[in-house]
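S.K.: Let the hints inform the model, and build the full structure from the sequences given.
Protein sequence lines, in the order shown, are assigned to chains A and B.
Oh and the first sequence: position 224 is 226 in the numbering used here, straight run, nothing missing.
Oh and the second sequence: position 34 is 108 in the numbering used here, straight run, nothing missing.
None of these hints come from the bench; they were simulated from the model.
Glycine included, every Cβ here is placed at the ideal spot set by N, Cα and C.
What you were told as hints is all true, and nothing was included just to trick you.
Label-pair distances were calculated between CB atoms; the ranges are:
#, chain 1, residue 1, chain 2, residue 2, range
1, A, GLU226, B, ASP158, 37 to 43 angstroms
2, B, PRO95, A, GLY83, 55 to 61 angstroms
3, A, ALA104, B, THR157, 43 to 49 angstroms
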Amino acid sequence: MTLTGRRSVLQVHPTRRCNLRCLHCYSSSGPEVDETTELAVLQRAVADAAALGYDVLGVSGGEPTLYRPLTELLRTARSHGMRTTVTSNGMLLTGRRLSELAGLVDVLAISLDGVPDSHVRMRRDRRAFTAMERRLPLVRASGIPFGFIFTLTQFNVHELAWVADFAVASGASLLQIHPLEAEGNAVDALPDAVPDVTEMLFSVLEAARLRSSTDLVVQLDLVERGSLVARADRFLPYGNPDGDPAGRIGSWLSPLVVETDGTVVPLVHGFDRRYALGDLHRAPLSDLARTWDPAPFRDLCRRVHAELAGEAGPAFVNWYDEVTRASRASLVG
Amino acid sequence: MTNAKRGSEALLEAWRNAGRPISDEFVAGLADITSELVLERIHIRGIPRPDVLQASFRLNGDGSQVGAVVQQVADLARRTELTDDTSLFYFTRGLPPVFDQVLEVAVGTGTRAR
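M.R.: Set out below in structure tokens:
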């Protein structure tokens, strides 16, 4: 079992180009950023990932719809039996783009950061909400299952109910709540906005209330300390010999992330590169996976887990953020 | 962020102000109208401000008083501006002979966060 349940996710960021410059963007994407990954490199990585046990391709960015060969990339994933998700700000989802994506995307995730004023402030574009909202009837008509991703900050848990109502009214089926992390633009633009334990606790209460009062699937990207202890196998990536006799990396390391420059890292975009599997421009993913020494990463997870799962640990944690921050501390064996 | 207030503070404030409190006037009026009926069950919900009231009343006799009671409760809801949040259900018990008539009154929408 992995952090992503029974599914193993290959997350790719094929472009850092974006029509927005969001305050909380973890990859510091924007209109002036021109970095993309060649399609052939990603197609090879997807094929290798499928052979390594990954069965979901998640495409994020940047704004994925600005990646010209997006449909080819998704089609490659489908041809290898993978499910696909695409995360978008929703503003560029034209009828034409949606018709291209229909049949290739299993879940379309649209970012929504609260009531319209909050969303616009976070997106630094006064059209960000209205342009996205205008696309939603087209999204619904496309038949692509979709949901919203809400970034939880220190200041916005009270807007979750509004977001859930908006999601229901829009025909969405999923609401994902992801705590803000001090990454990318957020480091300077939102220095005090990472939610503390109190805000996390209230988000847990709100998520529970919304689960019981709506038909939405509400996913909260937080872990309670009890789960850290009871489900330690999810957080300590040692693999499950019974789960995958071949011991493939996909059976115990998920998500696996391909950054725009081709670097492959565990868990999240921005993970310290000392733990990276390598660069897809130097070697294919199959080789990187074979030659990577996972011991430092496993040690890191074990240390973080021991600290957080102890009696003095916090009630709730953002596991991804905790491990990512720890990865930037010195490598200790 | 220019907004210095915690989201949880705003949420608590929204919870405190949620719902539409049921007024003393409505409760007193309902008690007066139903004083001749038998109260079978009453449920009041809402902390710190009760904003949901559900009550069942049994009407004895042949039920001839039902129309008048319903009219009075409807007038009371209108007078106390609870028309949109008030429901009345009337049903009988027994396949005939009917041995009870029951009037259920439900007021309020419960706590909402917005």
